[in-house]
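Chains A and B are the protein sequences, given in the same order. Here our numbering is used: position 50 in the first sequence is 50, and no number is missing along the way. Here our numbering is used: position 35 in the second sequence is 35, and no number is missing along the way.
Hints should not be assumed to be uniformly reliable.
Said to hold, decoys possible - Simulated pairs of lysine to aspartate or glutamate, EDC-like, Cα-Cα distance not exceeding 16 Å:
id, chain 1, residue 1, chain 2, residue 2
1, B, Lys68, B, Asp39
2, B, Lys42, B, Glu3
3, A, Lys70, A, Glu27
4, B, Lys42, A, Glu27
5, A, Lys70, A, Glu59
6, B, Lys1, A, Glu59
The set of hints was computed from the structure by calculation and includes no laboratory data.
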Amino acid sequence: DAGITQSPRHKVTETGTPVTLRCHQTENHRYMYWYRQDPGHGLRLIHYSYGVKDTDKGEVSDGYSVSRSKTEDFLLTLESATSSQTSVYFCASSFRQGALSGANVLTFGAGSRLTVL
Amino acid sequence: KQEVTQIPAALSVPEGENLVLNCSFTDSAIYNLQWFRQDPGKGLTSLLLIQSSQREQTSGRLNASLDKSSGRSTLYIAASQPGDSATYLCAGNGDNDMRFGAGTRLTVKP
Numbered sequence: 001d002a003g004i005t006q007s008p009r010h011k012v013t014e015t016g017t018p019v020t021l022r023c024h025q026t027e028n029h030r031y032m033y034w035y036r037q038d039p040g041h042g043l044r045l046i047h048y049s050y051g052v053k054d055t056d057k058g059e060v061s062d063g064y065s066v067s068r069s070k071t072e073d074f075l076l077t078l079e080s081a082t083s084s085q086t087s088v089y090f091c092a093s094s095f096r097q098g099a100l101s102g103a104n105v106l107t108f109g110a111g112s113r114l115t116v117l
Numbered sequence: 001k002q003e004v005t006q007i008p009a010a011l012s013v014p015e016g017e018n019l020v021l022n023c024s025f026t027d028s029a030i031y032n033l034q035w036f037r038q039d040p041g042k043g044l045t046s047l048l049l050i051q052s053s054q055r056e057q058t059s060g061r062l063n064a065s066l067d068k069s070s071g072r073s074t075l076y077i078a079a080s081q082p083g084d085s086a087t088y089l090c091a092g093n094g095d096n097d098m099r100f101g102a103g104t105r106l107t108v109k110p
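With the sequences and hints as input, model every part of the structure.
Structure below.
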């Protein structure tokens, strides 16, 4: 399938365990993003990537790390999950960012629902 | 820091009604503003993107406007249908990321 796929779609884990969420895109987009969505907060940016091995922090990056070894894959890792990280996580990608806005339409994955007990 | 606010948080209208969803942002230095639709348990689907040099964009029954000077955007939905029921989010695009509003949950009653 074209677009973005996220795995797993649902995960329940215990506090203190490591968790990795995977995002795979077939759009050949340069930019990829991880957001979390919580009631009343909309989507908040965790980390983003502007190329292979090039990443930067977003608004709520504490407790999260990312890696991008290939254009198509962007991994989000929770080294030691906490209950405050219970959320729905969305991956997105875009061709460009910022000023070159004409090609900045974001494509989203279907989301990964994570519950930390 | 960009702050994006959407009012109202929820809206319920009868089928056929025209409606307006509001989005306000604090930093006018945005490159574009984008409206998304989110169905329950799904990801976001882009509806309209308005570049900073534009005032509005139209797609079918949807019309989005942008007024950078006042920090406002509106999404107008004409002749609403039950299938329009969803959460609508706006997002302002800056240098490094897009800042999202919390969304307006729309219910169109048959």
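A quick look at each hint next to the structure:
1. B:Lys68 with B:Asp39: Measuring from Cα to Cα gives roughly 28 Å; hence the hint is violated.
2. B:Lys42 with B:Glu3: Cα-Cα ~24 Å, so violated.
3. A:Lys70 with A:Glu27: holds, 13 Å
4. B:Lys42 with A:Glu27: violated, 19 Å
5. A:Lys70 with A:Glu59: violated, 24 Å
6. B:Lys1 with A:Glu59: holds, 10 Å
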